[in-house]
Amino acid sequence: MSALRTSHGDELGRRKFLSGIIGMVAGAVAVVVGLPAIGYLISPGVKRQSQEKRLILGPVAGLTPGIPTGFPFSRKIKDGWVESAQTGVAYAVTHDGQNVKVFSNVCTHLSCRVTWDPDKGGFFCPCHDGLFGVDGEILAGPPPRPLDQFQTKIENGQIQILLEA
Amino acid sequence: MADTHPPRPNQGQPPLPRGGQATLEWLDERLGLRTIWTTIFARAVPQTNWFYTLGSASMILALLQVITGMLLTIYYVPTPDHAYDSIQYIMNEVTFGWLIRGLHHWGATLMVITVFLRMLRTFFMGAYKYPRELTWITGALLLLIVLVFGFSGYLLPWNQKAYWAGSVGTAVVGAPPIIGPLLLRIVRGGDQIGAVTLARFYGLHIWWMPIALLALIGVHLYLVIKIGITSPPERDE
Numbered sequence: 001m002s003a004l005r006t007s008h009g010d011e012l013g014r015r016k017f018l019s020g021i022i023g024m025v026a027g028a029v030a031v032v033v034g035l036p037a038i039g040y041l042i043s044p045g046v047k048r049q050s051q052e053k054r055l056i057l058g059p060v061a062g063l064t065p066g067i068p069t070g071f072p073f074s075r076k077i078k079d080g081w082v083e084s085a086q087t088g089v090a091y092a093v094t095h096d097g098q099n100v101k102v103f104s105n106v107c108t109h110l111s112c113r114v115t116w117d118p119d120k121g122g123f124f125c126p127c128h129d130g131l132f133g134v135d136g137e138i139l140a141g142p143p144p145r146p147l148d149q150f151q152t153k154i155e156n157g158q159i160q161i162l163l164e165a
Numbered sequence: 001m002a003d004t005h006p007p008r009p010n011q012g013q014p015p016l017p018r019g020g021q022a023t024l025e026w027l028d029e030r031l032g033l034r035t036i037w038t039t040i041f042a043r044a045v046p047q048t049n050w051f052y053t054l055g056s057a058s059m060i061l062a063l064l065q066v067i068t069g070m071l072l073t074i075y076y077v078p079t080p081d082h083a084y085d086s087i088q089y090i091m092n093e094v095t096f097g098w099l100i101r102g103l104h105h106w107g108a109t110l111m112v113i114t115v116f117l118r119m120l121r122t123f124f125m126g127a128y129k130y131p132r133e134l135t136w137i138t139g140a141l142l143l144l145i146v147l148v149f150g151f152s153g154y155l156l157p158w159n160q161k162a163y164w165a166g167s168v169g170t171a172v173v174g175a176p177p178i179i180g181p182l183l184l185r186i187v188r189g190g191d192q193i194g195a196v197t198l199a200r201f202y203g204l205h206i207w208w209m210p211i212a213l214l215a216l217i218g219v220h221l222y223l224v225i226k227i228g229i230t231s232p233p234e235r236d237e
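Listed in order, the protein sequences are those of chains A and B.
If you count the first sequence from 1, position 142 lands on 142 in the working numbering, and the numbers rise without skipping.
If you count the second sequence from 1, position 234 lands on 234 in the working numbering, and the numbers rise without skipping.
Incorrect hints may have been included.
Listed next, the in silico DSS-like pairs over lysine-lysine satisfying Cα-Cα at most 30 Å (straight line) [to be verified]:
| no. | chain 1 | residue 1 | chain 2 | residue 2 |
| --- | --- | --- | --- | --- |
| 1 | A | Lys78 | B | Lys129 |
| 2 | B | Lys226 | B | Lys161 |
| 3 | A | Lys16 | B | Lys226 |
| 4 | A | Lys47 | A | Lys78 |
| 5 | A | Lys76 | A | Lys47 |
| 6 | A | Lys76 | A | Lys53 |
Read the hints as simulated data drawn from the structure, not as lab findings.
Keep in mind the model is a prediction, meaning the values are calculated, not measured.
Assemble the whole structure, with the sequences as input and the hints as a guide.
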């Protein structure tokens, strides 16, 4: 019987054959654990579940033109294995009683909460004295961009906003 | 310009092999890799049989348990209000979470079996005798550690089975007269299985036991290599 040969042309003895098999089995085990482990580690960052929710704030008729009205909201969101509450205030503004813009109260600078300040005539952020106008535009301070707006829809005279993530 | 460097030590010798081989040579010269390899893997062993692979099998399983266990700690939390939920999260939401937990679960069962069979092999072949008493003692301790691993890990899922198995299992500690009730309270961290029990079992499972296991495997392996292993006994020995 002629001896088996390796790819290098050496004789494939029992020792070499067995260590080759061991190497292959070890490699297979490493792949079976290693590849799923990558998916396992990155999955919460990669798999994003949509947690969109429509929220009814109230009637358009209840708004005073030119003066923002704050609607506090709270909803449950899934945070891994914990149910936590997301709270915030949505500021609805109308000028003509028909078109409504709804602003988030999260400052675009460092995510502090802004409040409508009638004396300053704008949304004021106490953290770094950021000031936004009635339409969310920057008036003063460090904010890099205007206040974020919610997607808004009016149905049967009720203001609806879309909460994301 | 004249070359002022002293002559290189390997002048006149064949050039070093290139690529991976050269890197290996460089490392070997400084770390003694070949010696380590020869001592551990290419050492002389007597005529053996398949029963002699139970030790390597146990160690590979231990390695797998360490890796899958480390992965599980990424999501698992040892508190009564979230332990169960975090495992549900691993099983249902995390990619391949079921696989990683499954490997850890079945690996644990298999490890108890291989380590136990290994002890039986050593016992029946009389391999615990002089000069291998310490190998035997460390091996027996390793078996106990594996059992503590199994028991402490059983509580962590915090489901009904875990809770009641933990309740019954710890009750064993309360059996001795006089000091029993005190020992039981110490093990449980209170009168009943609860948040304190879960936290201390978790600490035991992921810190104390692994470090004890790895340290003892080190001693055990050293002895196996230093003293060597026995050949299977002959019929009239």
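Hints, one by one, checked against the model:
1. A:Lys78 - B:Lys129: violated (60 Å)
2. B:Lys226 - B:Lys161: violated (44 Å)
3. A:Lys16 - B:Lys226: holds (26 Å)
4. A:Lys47 - A:Lys78: holds (13 Å)
5. A:Lys76 - A:Lys47: Between Lys76 of chain A and Lys47 of chain A the Cα gap is close to 19 Å, so the pair holds against 30 Å.
6. A:Lys76 - A:Lys53: holds (10 Å)
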